[in-house]
Amino acid sequence: MADAKANGKNEAAKLAKIPAAANPLANEPSAIASNISYHVQYSPHFSPTKFEPEQAFFATAESVRDRLIQQWNETYHHFNKVDPKQTYYLSMEFLQGRTLTNAIGSLDIQNAYADALNNLGHVLEEIAEQEKDAALGNGGLGRLASCFLDSMATLNLPAWGYGLRYRYGLFKQKITKQGQEEVAEDWLEKFSPWEVVRHDVVFPVRFFGSVMVNPNGTRKWVGGEVVQAVAYDIPIPGYKTKNTISLRLWDAKASAEDFNLFQFNDGQYESAAQLHSRAQQICAVLYPGDSTEEGKLLRLKQQFFLCSASLQDMILRFKERKSGRQWSEFPSKVAVQLNDTHPTLAIPELMRLLMDEEGLGWDEAWDITTRTVAYTNHTVLPEALEKWSQAVMWKLLPRHMEIIEEIDKRFIAMVRSTRSDLESKIPSMCILDNNPKKPVVRMANLCVVSAHTVNGVAQLHSDILKADLFADYVSLWPNKLQNKTNGITPRRWLRFCNPELSKIITKWLKTDQWVTNLDLLVGLRQVYMK
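Number 470 in full-length UniProt numbering belongs to position 470 of the sequence shown; there are no gaps in the numbering.
Think of the hints as simulated: they come from the structure by calculation, not from any bench.
On a predicted model such as this, the values are computed, not experimentally measured, just so you know.
Computed beta-carbon distance windows for the label pairs:
{"hint": "1", "residue 1": "D108", "residue 2": "V522", "range": "24 to 30 Å"}
{"hint": "2", "residue 1": "H77", "residue 2": "P439", "range": "46 to 52 Å"}
{"hint": "3", "residue 1": "N156", "residue 2": "E182", "range": "38 to 44 Å"}
{"hint": "4", "residue 1": "S210", "residue 2": "S255", "range": "18 to 24 Å"}
{"hint": "5", "residue 1": "S323", "residue 2": "G295", "range": "40 to 46 Å"}
{"hint": "6", "residue 1": "W508", "residue 2": "W362", "range": "57 to 63 Å"}
{"hint": "7", "residue 1": "H452", "residue 2": "S271", "range": "44 to 50 Å"}
{"hint": "8", "residue 1": "S271", "residue 2": "E126", "range": "46 to 52 Å"}
{"hint": "9", "residue 1": "Q459", "residue 2": "N156", "range": "26 to 32 Å"}
Where is the CB? At the ideal position from N, CA and C, for every residue including glycine.
Sequences are here, hints too, so could you generate the full structure?
Below, the structure written as structure tokens:
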């Protein structure tokens, strides 16, 4: 303890000798150290007498964020100006990993930061260890999503990720004498230095309620409860490029109007803030238990909350980038990729927004939706495909169930009119399983019917989808099912985590271009043969 206090004093003494100066674009170690010192003093989160590793991490991260924000804003303005087709990746998981080492590696300033921290009495590796992983994912699904964002940023593609800002993640494992214990993640216990809350990006998301039919036959979803989706953005830098894209995470809150001051002052504290409590539950944990109806409703709320807020955001951006444009342009400007079936509700929600909010007819809305949405499948096991109780769906999302019923009805009619030989297959191909004992909505079937493209994540996986799981759909749409073999980002998993091996590879290949083109690694065989 005495040594730790002594070290803390030594580090604070070194910090005091470094002039504090805001320099977001600093490249030299001395200027970077000054920028870190500036954040210690003017972005304070701890007592001013301390400069221990934890304090040093937050100040260092904020200095890196300064530089990212510069590129981030430039990227945003550039895409707003050129108005490209933009990819939107919807996923319930993003397993990001630590951001500091990845960010300074992508910016190619890791050596400068190592020297700057050394001047301040710290070691980069020790400071990086202070960062808590963002508890936004669980496994391969989330890691794939994060690798895609890294790749798209590095390839200079206009792309955004959309997810949820889980307060407590999935769980944190503790090993005690009694065995394993699962407790809540605490990655936001203090704060995340990487996220930027966008107070101007807030969308209403409705649950429950009923469907009102207007005199002209149009329909409107009304009543129920409405929560607010607030955007928190995290910058995703590309490797050695200015392209810095966004991971937009949604958090749920209720408005001040939903707080009953009369009830609160009357001592009815829980009743006064019921909607606030329910809103906080939506983004509390990743994959809440669904063994009860309440758990199923919460899971479904999470999925719809992600889809509705994200689609409203996309539509607003589509309108803002060019006024007066036609809805027929939407698929040429917006590409929505569903990572597994969790975001499937984006399909009926896009239909609802186009028909009920924008006034389009069914045929036009369906054409736009089916040319906008694509689906990535992650499992070949029929029993693992997501299904939702029709009763739960009707209760939470009555308008969407109407739309899903209509999609299913039209799909069945299309099969019967064009492929009468598939009549016996309709019960397994249709979206709604109306088994009286357990009627469900088959989310994977809804994706395959509605998406313009369906892909597996490995060649064998895709072959099984075509030959077995989705074979009947292949006979309808031979080109809809594709393969996209997934991999990992070589930046995080080789270049940054094993710099010594990276130096050897670069030396042997006589180029570092392999960091963005792994095909070049075949050249190592020739080196070995020599």
